[in-house]
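Q: Chain by chain, the residues run as shown.
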Amino acid sequence: MVKKKLFRSGPYADFFSQGVQVGNTVYLSGQVGTDEAGAAPADIVEQMKLAYAHIQSVLAEYGATMDNVVEETWFVTDVGDCMAKVGELFGARQEIYGKTPEVCQTLVGVAALVDPTYHIEIKCVAVLA
Amino acid sequence: MVKKKLFRSGPYADFFSQGVQVGNTVYLSGQVGTDEAGAAPADIVEQMKLAYAHIQSVLAEYGATMDNVVEETWFVTDVGDCMAKVGELFGARQEIYGKTPEVCQTLVGVAALVDPTYHIEIKCVAVLA
Amino acid sequence: MVKKKLFRSGPYADFFSQGVQVGNTVYLSGQVGTDEAGAAPADIVEQMKLAYAHIQSVLAEYGATMDNVVEETWFVTDVGDCMAKVGELFGARQEIYGKTPEVCQTLVGVAALVDPTYHIEIKCVAVLA
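Chains V, Y and Z, in that order, are what the protein sequence lines are.
The working numbering applies: residue 1 is where the first sequence begins, and numbers increase by one.
The working numbering applies: residue 1 is where the second sequence begins, and numbers increase by one.
The working numbering applies: residue 1 is where the third sequence begins, and numbers increase by one.
Bound-form chain V, shown alone (with noise of 0.2 Å):
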């Protein structure tokens, strides 16, 4: 059967992984605007940096970083606010991934998700060495 590191934490952590590797790939949970408290901000932009923050917490467990991003879907509750904001958000993103993001990115609009203070729930693939 196939080796898999997994990476339990957060409120779920029964029910799913926030990381698995399997070989070289280390699939990720959907990761959501949290703070400490585990409330959300109103802003996306913020939002935005808390997810990554969490993205980064799951890949450090992995000995990895955000080079090792190869793809991210981004789900958010509302488009038009996100393209509003593009430019801030995309340059709070440059700043996390710390050069070009060298990563696919497909970014649709949902109904909702999980809570209905979220905003947008960022997914991610990273692959290792």
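None of the hints are false.
Which copy is meant is left open, so a pair is good if it fits within one copy or across any two.
Mimicking PhoX-like on lysine-lysine, the simulated pairs with C-alpha atoms at most 20 Å apart in a straight line are:
hint	residue 1	residue 2
1	Lys-3	Lys-99
2	Lys-85	Lys-49
3	Lys-4	Lys-99
4	Lys-99	Lys-49
5	Lys-99	Lys-5
If you're looking for bench data, these hints aren't it; they were derived computationally from the structure.
Fit chains Y and Z to the given chain V structure using the hints.
A: Same frame as chain V, now just chains Y and Z:
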């Protein structure tokens, strides 16, 4: 050219495969909660069980089980109903997995699925041996 | 660090790649049905053809064709319209593939795509040699 092992089944077998294996990765098409007559029960919990039964059928074609699943994306039409029943859903899912699931999960609310009676579609990736 | 082969193109080339190759897997960003002037025709069938044309352009950068695609996710804004035209859509798609497509497919209805004129976005994964 890449060697692919396909598993075709169902009304759209001429248009897509339910599973495609390349190397040790098996990609699965999104599975919905239809019964043998092709109908979907009203309750999302019952639909979820049927969707996993379809997933297990596809995996079996590759000699695989739920143990091989590394990530799943849930597309649901009513996140509120889904979260209201999350204990029941995750309890029934844990029985299907037979243990604490070793998978990533992303759950988003969609505007619609292929048929208006469908409440959930589950898309998985599995890795063999 | 992982070796990535990037293909950058389009107005967001500084923010994401249209394709990222790692090992023999090529991840593609979601492609929409825009023409050379950047406009999207009204009909989803025409948009689908253009989206696949973009996918073929990205694949060509990796020496690949539709034969290399192993999974596709269709994000559509109007599932009812999509299913009403499913024969026409899948017929045109079969011509693009040049044979019975050897891919998995997941099709979900989204609340919105990046531009209100877009009706379909297709996200693919391809595997080389």
